[in-house]
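Residue numbers are given in my numbering: position 24 of the sequence shown equals residue 15, and the series is strictly consecutive.
Hints are computed from structural coordinates only; laboratory data are not their basis.
What you are looking at is a predicted structure, and each value in this text was computed from that prediction instead of being measured.
For every residue, glycine included, the Cβ atom is placed at its ideal position computed from N, Cα and C.
Mixed in with the good hints, there may be bad ones.
[What the hints assert, rightly or not] For each label pair, taking beta carbons as the anchor points, the in silico distance ranges come out as: (1) Lys4 <-> Gly69: 21 to 31 Å; (2) Ser16 <-> Ile41: 41 to 51 Å; (3) Ile(-7) <-> Glu56: 13 to 23 Å; (4) Glu43 <-> Asn12: 34 to 44 Å.
[Said to hold, decoys possible] Cross-link-like lysine to aspartate or glutamate pairs, in silico, EDC-like; alpha carbons within 16 Å at most: (5) Lys4 <-> Asp14; (6) Lys26 <-> Glu62; (7) Lys26 <-> Glu54; (8) Lys26 <-> Glu(-6); (9) Lys26 <-> Glu52; (10) Lys4 <-> Asp21; (11) Lys26 <-> Glu60; (12) Lys26 <-> Glu57; (13) Lys26 <-> Glu56.
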Amino acid sequence: MIEGFWYYLNNYKEDHPEDFNKDFSNVGIDLISIKVTTISLTLNFRYDEIVEYVTCFLMIEYEGEEIGEYESLFTLNGEDLDDYLRISK
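With the hints as constraints, model all of the structure from the sequences given.
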């Protein structure tokens, strides 16, 4: 999951440089710290189907201040489903 965050961030920087620069304009990427805050099992019922996945959240900090979070979704077998970056600064 932590490797997934750095992979996501590097791809974001490469694929969407304008958005990346807007979100991280005053942030030294090498000074970011992250920590796992939540891991949860989710069971959703959609029609006759049960949708099961694991959600993991990382808090993103810069200079001791929370600037966002990264969320990863995994199957129960550990396969990546999706991930999201939310910047709150």
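Evaluation of the provided hints:
1. Lys4 <-> Gly69: 21 to 31 Å: holds, 26 Å
2. Ser16 <-> Ile41: 41 to 51 Å: Cβ of Ser16 to Cβ of Ile41: about 43 Å, so the range 41 to 51 Å holds.
3. Ile(-7) <-> Glu56: 13 to 23 Å: holds, 20 Å
4. Glu43 <-> Asn12: 34 to 44 Å: The hint (34 to 44 Å, Cβ to Cβ) holds, given that Glu43 and Asn12 are roughly 38 Å apart.
5. Lys4 <-> Asp14: holds, 10 Å
6. Lys26 <-> Glu62: holds, 12 Å
7. Lys26 <-> Glu54: holds, 14 Å
8. Lys26 <-> Glu(-6): holds, 12 Å
9. Lys26 <-> Glu52: holds, 8 Å
10. Lys4 <-> Asp21: The given pair, whose Cα atoms are some 13 Å apart, holds under the 16 Å limit.
11. Lys26 <-> Glu60: Cα-Cα ~10 Å, so holds.
12. Lys26 <-> Glu57: holds, 11 Å
13. Lys26 <-> Glu56: Roughly 13 Å separates the two Cα atoms, so the pair holds.
Of the numbered hints given earlier, the model fails none.
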